[in-house]
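**Q** Those protein sequence lines, which keep their order, are chains A and B. Using our numbering, read the first sequence as starting at 1 and increasing by one per residue. Using our numbering, read the second sequence as starting at 1 and increasing by one per residue.
Honestly, the hints are just simulated from the structure, not real lab data. Do not rely on the hints blindly, as some may be mistaken.
If several chains are the same, the list does not tell them apart, and a pair holds so long as it fits within one copy or across any two.
In silico SDA-like links for lysine to any residue, alpha-carbon gap of 25 Å or less [unchecked claim]:
id	residue 1	residue 2
1	K153	S98
2	K34	G167
3	K29	G83
4	K153	N206
5	K34	I4
6	K34	E142
7	K161	G73
8	K37	E117
9	K153	E194
10	K34	H192
11	K143	E194
12	K37	M186
13	K143	Q45
14	K161	D104
15	K169	A43
16	K161	P176
17	K143	G33
18	K24	P176
19	K153	G62
20	K24	M123
21	K3	G90
22	K3	G40
23	K103	F138
Computed from a predicted model, the values in this text were never measured in an experiment.
Number of protein chains: 2
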Amino acid sequence: MKKISTNTLRRLPRYYALLDEMVKAGEDKTSSGKLAKIMGLNASQIRNDLNCFGGFGQQGYGYNTLMLRDEIGRLLGKERHFGCIVIGAGNLGRALMSHINFKDLGYRLVGAFDSNEAFAGQMVAGMPIRHISGLDDFCRLEKPAVAVLCVPKDAALELGKQLSRLGIKAIWNFTPYDLSLELPNMVVENVHLEDSLMALGYRLQNLD
Amino acid sequence: MKKISTNTLRRLPRYYALLDEMVKAGEDKTSSGKLAKIMGLNASQIRNDLNCFGGFGQQGYGYNTLMLRDEIGRLLGKERHFGCIVIGAGNLGRALMSHINFKDLGYRLVGAFDSNEAFAGQMVAGMPIRHISGLDDFCRLEKPAVAVLCVPKDAALELGKQLSRLGIKAIWNFTPYDLSLELPNMVVENVHLEDSLMALGYRLQNLD
Numbered sequence: 001m002k003k004i005s006t007n008t009l010r011r012l013p014r015y016y017a018l019l020d021e022m023v024k025a026g027e028d029k030t031s032s033g034k035l036a037k038i039m040g041l042n043a044s045q046i047r048n049d050l051n052c053f054g055g056f057g058q059q060g061y062g063y064n065t066l067m068l069r070d071e072i073g074r075l076l077g078k079e080r081h082f083g084c085i086v087i088g089a090g091n092l093g094r095a096l097m098s099h100i101n102f103k104d105l106g107y108r109l110v111g112a113f114d115s116n117e118a119f120a121g122q123m124v125a126g127m128p129i130r131h132i133s134g135l136d137d138f139c140r141l142e143k144p145a146v147a148v149l150c151v152p153k154d155a156a157l158e159l160g161k162q163l164s165r166l167g168i169k170a171i172w173n174f175t176p177y178d179l180s181l182e183l184p185n186m187v188v189e190n191v192h193l194e195d196s197l198m199a200l201g202y203r204l205q206n207l208d
Numbered sequence: 001m002k003k004i005s006t007n008t009l010r011r012l013p014r015y016y017a018l019l020d021e022m023v024k025a026g027e028d029k030t031s032s033g034k035l036a037k038i039m040g041l042n043a044s045q046i047r048n049d050l051n052c053f054g055g056f057g058q059q060g061y062g063y064n065t066l067m068l069r070d071e072i073g074r075l076l077g078k079e080r081h082f083g084c085i086v087i088g089a090g091n092l093g094r095a096l097m098s099h100i101n102f103k104d105l106g107y108r109l110v111g112a113f114d115s116n117e118a119f120a121g122q123m124v125a126g127m128p129i130r131h132i133s134g135l136d137d138f139c140r141l142e143k144p145a146v147a148v149l150c151v152p153k154d155a156a157l158e159l160g161k162q163l164s165r166l167g168i169k170a171i172w173n174f175t176p177y178d179l180s181l182e183l184p185n186m187v188v189e190n191v192h193l194e195d196s197l198m199a200l201g202y203r204l205q206n207l208d
């Protein structure tokens, strides 16, 4: 397999969703032209993306939607059921626990933690919130691979280091702190909500 | 002002946050080298970014943190107080209303709407949730510029078109639907949470 560029990686989930819709609608095959039109890209870009991981395109036939969807799903780890914990069960952490379909995306939500003792024992999305003091023991037992980090900025770095020591391999990072510099061996996927809203402000001011 | 590239735009909020910290810590000036080190970029990239909007760098002096912060803040519209409504007050919409500091980011949160009649009148972050049937009248009166869209995928396109007709200029889009193709005149800032988590799965599988 060729190395996948960042831009191609960012498009993989969109290909997956689109192909999944096609499969469910009974469409056996598709073409780079059709995918291009729906995604607002050009067909050669699509072919280039799909060639990166073997593709399944055949001249004059196109792509088998089912095979291509499942191959992309495999690349995205959708059958891996990565163990996943949420750190910080305030408004945002709780909303993610309820809103995100972890199972369909390749994850098992196995625990949720907060430093607020008043939260301990509360149920969110069928899961008890635990006090953060139990994090070490929990991780040694359950060996989760991923942490969803929804804590205040000031707590981010220390928690990131702790998670790294506990064997966590990846952080879905909702703090404004970019942990990737300090934790180079960790996969850090940043969702900087505030930055996104500020960028919107720039674009809104510069409409033309 | 030179046209700002997408990559530079994505870095503006990070510059802002960093300079704001420096100002608050009493640091009057900084340099491209210092900014580069903190951000994990190289100094010439920083200078190139800051030159795009006039910059304030002087050879041998560096940048005045206060002036540069305020200039970037102005570019990001932080003093514009854009009127903003939330559409879809489920778990995620409510969490954003509570979690995001709209005021500090240049927005005024003026309303929240949901199609669920049982939500109408509930208070979230000091604001009543209204039934979606009142959206048209509300927009004619309040003229919000921005909508935060937290509705199911199937409702996204129709609502996007309605918001466009009602004079909304920008959508902070949390639905999986990429509205930018169908609404080319609208600023659409996508936050595709599911895509982000899937991309994390790819990176976690391909650790080396």
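**Q** For each hint, tell me whether it holds in the structure or not.
**A** Taking the hints in turn, this is what the structure says about them:
1. K153 - S98: both (23 Å within a copy, 16 Å between copies)
2. K34 - G167: For K34 and G167, neither the intra-copy (43 Å) nor the inter-copy (32 Å) Cα distance is at most 25 Å.
3. K29 - G83: Answer is neither; intra-copy 34 Å and inter-copy 45 Å both fail.
4. K153 - N206: The answer is neither: 30 Å in one copy and 28 Å across copies each exceed 25 Å.
5. K34 - I4: within (22 Å within a copy, 32 Å between copies)
6. K34 - E142: neither (44 Å within a copy, 41 Å between copies)
7. K161 - G73: The answer is neither: 30 Å in one copy and 32 Å across copies each exceed 25 Å.
8. K37 - E117: neither (52 Å within a copy, 38 Å between copies)
9. K153 - E194: So K153 and E194 pass the 25 Å test inside a copy (12 Å) and across (23 Å) alike.
10. K34 - H192: For K34 and H192, the Cα distance is within 25 Å only across copies (22 Å; inside one copy 33 Å).
11. K143 - E194: Close across copies (23 Å), not inside one copy (31 Å); limit 25 Å.
12. K37 - M186: between (36 Å within a copy, 19 Å between copies)
13. K143 - Q45: neither (39 Å within a copy, 40 Å between copies)
14. K161 - D104: neither (29 Å within a copy, 29 Å between copies)
15. K169 - A43: neither (36 Å within a copy, 30 Å between copies)
16. K161 - P176: within (16 Å within a copy, 32 Å between copies)
17. K143 - G33: neither (44 Å within a copy, 40 Å between copies)
18. K24 - P176: between (38 Å within a copy, 17 Å between copies)
19. K153 - G62: This pair counts as neither: shortest intra-copy Cα distance 48 Å, inter-copy 28 Å.
20. K24 - M123: neither (34 Å within a copy, 39 Å between copies)
21. K3 - G90: For K3 and G90, the Cα distance exceeds 25 Å both inside one copy (38 Å) and across copies (39 Å).
22. K3 - G40: both (24 Å within a copy, 23 Å between copies)
23. K103 - F138: within (20 Å within a copy, 38 Å between copies)
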